[in-house]
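Participant: Listed below, chain by chain, are the residues.
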Amino acid sequence: MTARPIALACAAAGLVLAFAQLLLPGSPVYHGWQYALALAVTIVSGVAYVARGARGRDGARGRRLALAVAVAGAVLAELGALASGLLGPDTSEVVGTPGTVVPIPALGAAAFFARATPRTIAGADGAVTLRRRGAPDVGVASGGRAALGDSVLFLAPRPAAYVEAFDERGAHLTVTQPAAASFLSPVLLFPQRQRIGAVDVPLDTFAAPALHLTVHALYFTPADLATFGHAGLAASSPALVLSAADDRGRPVGLAMAPSGRTVALAGLRVRVTIGSYPALAVAAAPPPALLYGGLLLFALGLGWAALGGGGVPGTVAEQSRTPTTPEATTGGAASVPTT
Amino acid sequence: MRRLLVVLGLLVLTGCYNTSEAAGAAGGGPSGLAGAPAQSFDLRRTDGRTDSLARHRGKVVLLNLWATWCAECKSEMPALERFSREYAGRVDVLGVDEGESAGAAAEFARAHGVTYPILVDETQQYGGTYVALGLPTTVIVSRDGRVVKGIDGALTLEQMRAAVAPALR
Numbered sequence: 449m450t451a452r453p454i455a456l457a458c459a460a461a462g463l464v465l466a467f468a469q470l471l472l473p474g475s476p477v478y479h480g481w482q483y484a485l486a487l488a489v490t491i492v493s494g495v496a497y498v499a500r501g502a503r504g505r506d507g508a509r510g511r512r513l514a515l516a517v518a519v520a521g522a523v524l525a526e527l528g529a530l531a532s533g534l535l536g537p538d539t540s541e542v543v544g545t546p547g548t549v550v551p552i553p554a555l556g557a558a559a560f561f562a563r564a565t566p567r568t569i570a571g572a573d574g575a576v577t578l579r580r581r582g583a584p585d586v587g588v589a590s591g592g593r594a595a596l597g598d599s600v601l602f603l604a605p606r607p608a609a610y611v612e613a614f615d616e617r618g619a620h621l622t623v624t625q626p627a628a629a630s631f632l633s634p635v636l637l638f639p640q641r642q643r644i645g646a647v648d649v650p651l652d653t654f655a656a657p658a659l660h661l662t663v664h665a666l667y668f669t670p671a672d673l674a675t676f677g678h679a680g681l682a683a684s685s686p687a688l689v690l691s692a693a694d695d696r697g698r699p700v701g702l703a704m705a706p707s708g709r710t711v712a713l714a715g716l717r718v719r720v721t722i723g724s725y726p727a728l729a730v731a732a733a734p735p736p737a738l739l740y741g742g743l744l745l746f747a748l749g750l751g752w753a754a755l756g757g758g759g760v761p762g763t764v765a766e767q768s769r770t771p772t773t774p775e776a777t778t779g780g781a782a783s784v785p786t787t
Numbered sequence: 003m004r005r006l007l008v009v010l011g012l013l014v015l016t017g018c019y020n021t022s023e024a025a026g027a028a029g030g031g032p033s034g035l036a037g038a039p040a041q042s043f044d045l046r047r048t049d050g051r052t053d054s055l056a057r058h059r060g061k062v063v064l065l066n067l068w069a070t071w072c073a074e075c076k077s078e079m080p081a082l083e084r085f086s087r088e089y090a091g092r093v094d095v096l097g098v099d100e101g102e103s104a105g106a107a108a109e110f111a112r113a114h115g116v117t118y119p120i121l122v123d124e125t126q127q128y129g130g131t132y133v134a135l136g137l138p139t140t141v142i143v144s145r146d147g148r149v150v151k152g153i154d155g156a157l158t159l160e161q162m163r164a165a166v167a168p169a170l171r
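Chains R and E supply the protein sequences, listed in that same order. When we follow our numbering, the leftmost residue of the first sequence carries the number 449, and every step to the right adds one. When we follow our numbering, the leftmost residue of the second sequence carries the number 3, and every step to the right adds one.
Just so you know, the hints here were simulated from the structure itself, not pulled from any lab data. Quick reminder that beta carbons are idealized off the backbone N, C-alpha and C, glycines included. Heads up, some of the hints might be wrong.
[Claimed, not checked] So the derived label-pair ranges between C-beta atoms look like this:
1) Thr52(E) - Ala627(R): 28 to 38 Å
2) Ala703(R) - Ala90(E): 40 to 50 Å
3) Ala167(E) - Leu471(R): 50 to 60 Å
4) Gly37(E) - Leu755(R): 55 to 65 Å
5) Leu471(R) - Gly91(E): 27 to 37 Å
6) Gly597(R) - Ala167(E): 39 to 49 Å
7) Gly37(E) - Ala554(R): 16 to 26 Å
8) Ala164(E) - Phe676(R): 49 to 59 Å
9) Gly147(E) - Ala531(R): 25 to 35 Å
10) Pro39(E) - Gly571(R): 23 to 33 Å
11) Val464(R) - Asp146(E): 47 to 57 Å
12) Gly91(E) - Gly597(R): 28 to 38 Å
13) Glu160(E) - His660(R): 30 to 40 Å
Input sequences plus hints: build the corresponding full structure.
Facilitator: Given below as structure tokens:
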């Protein structure tokens, strides 16, 4: 391998690494030393190649310039990615209760978390809209991404359950969450975890104040359920274990609640719809101008080189010097003048 | 020497790495919504009609979220009833029962002499949007449909008068 193929391969690899931050956002890998090292290698390789080209060591001036433009474009994008990885904020998750607004000062925006119904929870259909003064709304849907400044936003699904409570006559009862950000939300988001045997399960709490009951809800995935081998539950869907306590904290009932089925619990009838509701993940990303500008330069440079580098021959001094350079004679020097 | 510098440069660059750490944020509640458009949901009232905040656009609205099991709500109701009579025509008072059936809300309102309209919010849509700390919660909405003020906890008649004053100017 000679300098030119190595430089171009490094440039292409660097671009892939840089664009990964946009296409697969939020990975802790981007803030790790291995990622920084890989980008640094591609940057050093690119800078070395451009410097080498400036000294007239890689063929005719036109092609040299074209390839230098290509490699410099890649270096720009790589620098953006490196800065984003090293200096950008860690990936954070903004957790919002359905129907509420959460300010995000770092983005100068407010996140509107869509209202949830049993159907949206079951279908994992949550969405978040970012609103900024004097700018159009930015919507982020499940599975989608949105770039906002030097950040990329995407939805991270979290376990959730929509709770409906009734008394024994079937009258609707208020569900409250005294410890949550939104007291009257019927949607459990399981911010805590509890260890049970070998499994670590999400935990949340709600209350039915009309019956003076507090209910702890443990979220079991199908895999967790399979380890318990509960006969009454299909291990293909998640379920909640509900544990009720009275005003004095005394346990008064326990029930296993599969999604969509009404279960009896200490005078309370509870129907839970289990699924997910998203948090808004905010990850650092390279400035789009650097990324796309760099990619454009890379493509233009390669295109120009493929078309013959503009047909500008090197100077007489360069031409007389070029063949004496050992690398130039082996480095794909198809355009090196022979006269 | 140049290679040494390159290696040193790489080490400096890669030494700056940091690690990922999840961070949470939470918010919401009535006090933080001042100035924002007031969200509205169509609900059935205890008298069978359909009502919502949006249907009162052009008038100042005092939205009071409550439930029958809430002792503070019960103690606030006489003052709210008096306020609704005193400000009739200037401020529309809407009570919103949170999470309970229409029968329970209607029976409770009748027993406590409430004459202002009660909306029945079985799925806690208003509550999930406006309530942060508990019940009762009061939200003042301006004529143009924006939240003027959100207040957690029971209010006295004087506090209700003071709360709507800015919206009536």
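Participant: Now, for every hint given, state plainly whether the structure supports it.
Facilitator: Hint-by-hint comparison with the structure:
no.	hint	result
1	Thr52(E) - Ala627(R): 28 to 38 Å	holds (34 Å)
2	Ala703(R) - Ala90(E): 40 to 50 Å	holds (48 Å)
3	Ala167(E) - Leu471(R): 50 to 60 Å	holds (54 Å)
4	Gly37(E) - Leu755(R): 55 to 65 Å	holds (58 Å)
5	Leu471(R) - Gly91(E): 27 to 37 Å	violated (59 Å)
6	Gly597(R) - Ala167(E): 39 to 49 Å	holds (40 Å)
7	Gly37(E) - Ala554(R): 16 to 26 Å	holds (21 Å)
8	Ala164(E) - Phe676(R): 49 to 59 Å	holds (57 Å)
9	Gly147(E) - Ala531(R): 25 to 35 Å	violated (44 Å)
10	Pro39(E) - Gly571(R): 23 to 33 Å	holds (27 Å)
11	Val464(R) - Asp146(E): 47 to 57 Å	holds (51 Å)
12	Gly91(E) - Gly597(R): 28 to 38 Å	violated (49 Å)
13	Glu160(E) - His660(R): 30 to 40 Å	holds (33 Å)
Violated hints for the displayed structure, listed by number in ascending order: 5, 9, 12.
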